[in-house]
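For the record, the sequence lines run as chains A and B.
Heads up: the first sequence is residues 518 to 949, going by this note's numbering.
Heads up: the second sequence is residues 518 to 949, going by this note's numbering.
Simulated from the structure, these hints should not be mistaken for lab results.
All the pointers check out, no bait thrown in.
Just so you have them, the derived chain A footprint on chain B, three or more residues with Cβ under 8 angstroms: (1) 645-657; (2) 802-809.
For each label pair, taking beta carbons as the anchor points, the in silico distance ranges come out as: (3) A:Glu543 <-> B:Thr581: 50 to 60 angstroms; (4) B:Thr788 <-> A:Gly704: 15 to 25 angstroms; (5) A:Glu774 <-> B:Glu543: 12 to 22 angstroms; (6) A:Glu887 <-> B:Thr788: 42 to 52 angstroms; (7) A:Val941 <-> B:Thr788: 35 to 45 angstroms; (8) B:Asp796 <-> A:Ile892: 28 to 38 angstroms; (9) B:Gly773 <-> A:Leu703: 35 to 45 angstroms; (10) A:Thr605 <-> B:Thr580: 55 to 65 angstroms.
The structure displayed is predicted, hence computed values, not measured ones.
Glycine included, each C-beta is placed from N, C-alpha and C at the ideal position.
There are 2 protein chains.
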Amino acid sequence: MTKPTLKVALLGAGTVGSQVARILTEDRKDLIERIGGVPELIGIAVRSLDAPRDYQADASLYTTDADSLIDRADVVIELTGGMEPARTRILRALNAGKHVVSGNKALIAAHGAELMAAARESGAQFSFEAAVAGAIPILRPLRDSLAGDHVTRVLGIMNGTTNFMLDAMDSHGAAFDEVLAEAQKLGYAEADPTADIEGHDAAAKAAIVASLAFHSEFHIDDVHCTGISEITADDVAAAKNDGYVIKLLSVCERDGEGVNIRVNPTLIPRTHPLASVRDAYNAVFVESRDAGELMFYGPGAGGAPTASAVMGDFVSLARRGILGGPGVPDYSYRGLQATSLSNVVSRYTVGLLVKDQLGVLASIANKFAENGVSIETMHQTKHREREDVEGADATIRIVTHKTSDQKLKSTIDELSSLSAVFDVASVIQVEG
Amino acid sequence: MTKPTLKVALLGAGTVGSQVARILTEDRKDLIERIGGVPELIGIAVRSLDAPRDYQADASLYTTDADSLIDRADVVIELTGGMEPARTRILRALNAGKHVVSGNKALIAAHGAELMAAARESGAQFSFEAAVAGAIPILRPLRDSLAGDHVTRVLGIMNGTTNFMLDAMDSHGAAFDEVLAEAQKLGYAEADPTADIEGHDAAAKAAIVASLAFHSEFHIDDVHCTGISEITADDVAAAKNDGYVIKLLSVCERDGEGVNIRVNPTLIPRTHPLASVRDAYNAVFVESRDAGELMFYGPGAGGAPTASAVMGDFVSLARRGILGGPGVPDYSYRGLQATSLSNVVSRYTVGLLVKDQLGVLASIANKFAENGVSIETMHQTKHREREDVEGADATIRIVTHKTSDQKLKSTIDELSSLSAVFDVASVIQVEG
Numbered sequence: 518m519t520k521p522t523l524k525v526a527l528l529g530a531g532t533v534g535s536q537v538a539r540i541l542t543e544d545r546k547d548l549i550e551r552i553g554g555v556p557e558l559i560g561i562a563v564r565s566l567d568a569p570r571d572y573q574a575d576a577s578l579y580t581t582d583a584d585s586l587i588d589r590a591d592v593v594i595e596l597t598g599g600m601e602p603a604r605t606r607i608l609r610a611l612n613a614g615k616h617v618v619s620g621n622k623a624l625i626a627a628h629g630a631e632l633m634a635a636a637r638e639s640g641a642q643f644s645f646e647a648a649v650a651g652a653i654p655i656l657r658p659l660r661d662s663l664a665g666d667h668v669t670r671v672l673g674i675m676n677g678t679t680n681f682m683l684d685a686m687d688s689h690g691a692a693f694d695e696v697l698a699e700a701q702k703l704g705y706a707e708a709d710p711t712a713d714i715e716g717h718d719a720a721a722k723a724a725i726v727a728s729l730a731f732h733s734e735f736h737i738d739d740v741h742c743t744g745i746s747e748i749t750a751d752d753v754a755a756a757k758n759d760g761y762v763i764k765l766l767s768v769c770e771r772d773g774e775g776v777n778i779r780v781n782p783t784l785i786p787r788t789h790p791l792a793s794v795r796d797a798y799n800a801v802f803v804e805s806r807d808a809g810e811l812m813f814y815g816p817g818a819g820g821a822p823t824a825s826a827v828m829g830d831f832v833s834l835a836r837r838g839i840l841g842g843p844g845v846p847d848y849s850y851r852g853l854q855a856t857s858l859s860n861v862v863s864r865y866t867v868g869l870l871v872k873d874q875l876g877v878l879a880s881i882a883n884k885f886a887e888n889g890v891s892i893e894t895m896h897q898t899k900h901r902e903r904e905d906v907e908g909a910d911a912t913i914r915i916v917t918h919k920t921s922d923q924k925l926k927s928t929i930d931e932l933s934s935l936s937a938v939f940d941v942a943s944v945i946q947v948e949g
Numbered sequence: 518m519t520k521p522t523l524k525v526a527l528l529g530a531g532t533v534g535s536q537v538a539r540i541l542t543e544d545r546k547d548l549i550e551r552i553g554g555v556p557e558l559i560g561i562a563v564r565s566l567d568a569p570r571d572y573q574a575d576a577s578l579y580t581t582d583a584d585s586l587i588d589r590a591d592v593v594i595e596l597t598g599g600m601e602p603a604r605t606r607i608l609r610a611l612n613a614g615k616h617v618v619s620g621n622k623a624l625i626a627a628h629g630a631e632l633m634a635a636a637r638e639s640g641a642q643f644s645f646e647a648a649v650a651g652a653i654p655i656l657r658p659l660r661d662s663l664a665g666d667h668v669t670r671v672l673g674i675m676n677g678t679t680n681f682m683l684d685a686m687d688s689h690g691a692a693f694d695e696v697l698a699e700a701q702k703l704g705y706a707e708a709d710p711t712a713d714i715e716g717h718d719a720a721a722k723a724a725i726v727a728s729l730a731f732h733s734e735f736h737i738d739d740v741h742c743t744g745i746s747e748i749t750a751d752d753v754a755a756a757k758n759d760g761y762v763i764k765l766l767s768v769c770e771r772d773g774e775g776v777n778i779r780v781n782p783t784l785i786p787r788t789h790p791l792a793s794v795r796d797a798y799n800a801v802f803v804e805s806r807d808a809g810e811l812m813f814y815g816p817g818a819g820g821a822p823t824a825s826a827v828m829g830d831f832v833s834l835a836r837r838g839i840l841g842g843p844g845v846p847d848y849s850y851r852g853l854q855a856t857s858l859s860n861v862v863s864r865y866t867v868g869l870l871v872k873d874q875l876g877v878l879a880s881i882a883n884k885f886a887e888n889g890v891s892i893e894t895m896h897q898t899k900h901r902e903r904e905d906v907e908g909a910d911a912t913i914r915i916v917t918h919k920t921s922d923q924k925l926k927s928t929i930d931e932l933s934s935l936s937a938v939f940d941v942a943s944v945i946q947v948e949g
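Here chain A stands alone, though its shape is the one from the complex:
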């Protein structure tokens, strides 16, 4: 019996696209067995025909005419990134009933609902495991393995660059600027590191994870996002001293009848499984009603790891493309709404720069009490008078019990008005 052929168009030949081209070429024999059909790479759409590539496929495959390539394909693998022309091209494919695999997190976090609707309309399949946490299988476990369970919370380290930086600060006591320079030198951080360090990259992934975990459509604008640029060596050292480590955490959790999605620097206890995620690795910690606590760990980026995730999607979708059957299930039946930060209940650490004088602890403790915020621990550390702030000769670190964002904010406002408090140096959430 002749096996059916599946025509594959690859859009993009960058770090990930090159690896996908390599696997499609070199693993042809295995792929035929796994798919039950013959995947034929019919072309690779690129911007420039003579750019250097990590993997050089047959020269005749490269083309600058993406649209006509899409029109000739059964399956389109989009690995160009960015909003346009990626969005228009994916829609062109889906509208024509062609299956699409994409790793474009920014696009999916911004236009996922539109793309899913197009797929639903035409009966095409649309998969994007590679968009979140590189090689780590997280979307499929959320969608399929936990299909009979109820996720209550997801905590994720979803950005490798910032995890590398925070881990280096934690291990060597280095300053933020030093570790950023090191990350740039090693190629972990871009020349313009904004998307990583301000949390935008993690926020896009959090929106996608929240959508699948809670069966609802969330947009990157639904994510409350704070980056790590304010985190100092002092914050990291103080956390370490208290048995915590600071991570840029994506938190997606049920909040009343909605879902709260946020990305911010967060203290987690060193005994928590997420605390041992080092270097540029990613991990996603899932809490669910029946399964309990699960963690998925692995490389969050890189050409070959991300290509592995793309190929996993491709094989599943190609099997169905050939044998028929249902595509990826529609994940949005719940229709939950994103919630504001004001109801979020969490623990916090607060670092205050103060003058060590009679009654300063009492006046600070009173402000917390008046605002209904319960204190778990309070430490004062005496130090030399700061050169930049006259009279500031001590630091007070407070860890609160669980409290609402609103109550904490009003406490912080009132603390700033105390004459002995020179600066609220840091306010960081505590999870885990």
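Given the coordinates of chain A, assemble chain B onto it according to the supplied hints.
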């Protein structure tokens, strides 16, 4: 549009079965949305109608006539465990084209090939995520997420009881018998703990994982298995002292043109992600060509966690049962063979009870050299003369570089013949 109904037969109402009955009953509304059809629990086959249950479903559902229940169902969920009548019942269902979900690791490790063949023959789907590592999604990621990749090695902590015991020995320096008694008191270990401590439970899971990871059929008899009953507080303390922790590890790795599958106590460095798997948790660490290193962590047993895995399989299979399409892919196209231990290359620690006399280290080191085994480190610890072994007043611990099982065995044989060596107290693999 009326949604189609799917008749579900549940076999077994024990710890896991009760939780599945609860979820099918209480989550009906969500399940209908997720499946696209109505799952109707038509009966629960039990041995005794009036046994106490963790969850009491409608009394009319319980029956002792499993066969006629199976004959009326579209989907059968088998959670009785053991070989018979489970095997005959699953075959009855699959032969009639009914889809089956099972969590029966012993049965699948022994008769998986027969059951898969029956499913293939009739076009029925057969899923068993719950058979390995409880709630942790591991079979689906191996089968689907890594479908375009090549797994090179799997290292797994797949038995919660022994991990609890080894973790307690590591944390409190307790003896084997103490921690076994504690595990039994807490309900982690059975009155007869043989299946856990001798590694048979982990071996069944290793055979299943190896089958999916390497696209070949493996049987529990293909697994080389050593339990933890010989592990002493001294072994654990010595490992700790050297920066290692002892885990009962399942190792499945490519070995030439075959696959080596073994379960044995193994030293892993404390910096390895598997080292931080505490208590009765399980974890599976996967090394693959493109994805690199992935780890999946979570509860390896328990009613609700295992039920979550069963329900994940059920929802996926029910969607396909209603909407049509390909079932679980056939995983055996590779046909790789299991290999013997003799070619396995690993690092080892060897603990020797000796008399501290002139030349003893040299004579031991010579035996390693003569057999072609390279030594990484060698420590001698002097202690009081052992009461049970006259003259034995020192312990030597050797860590080898990578060597074959065969070379190590001949070294050990020759060491035993040295007059200054009283006992080869321990030989433990090192991985990671």
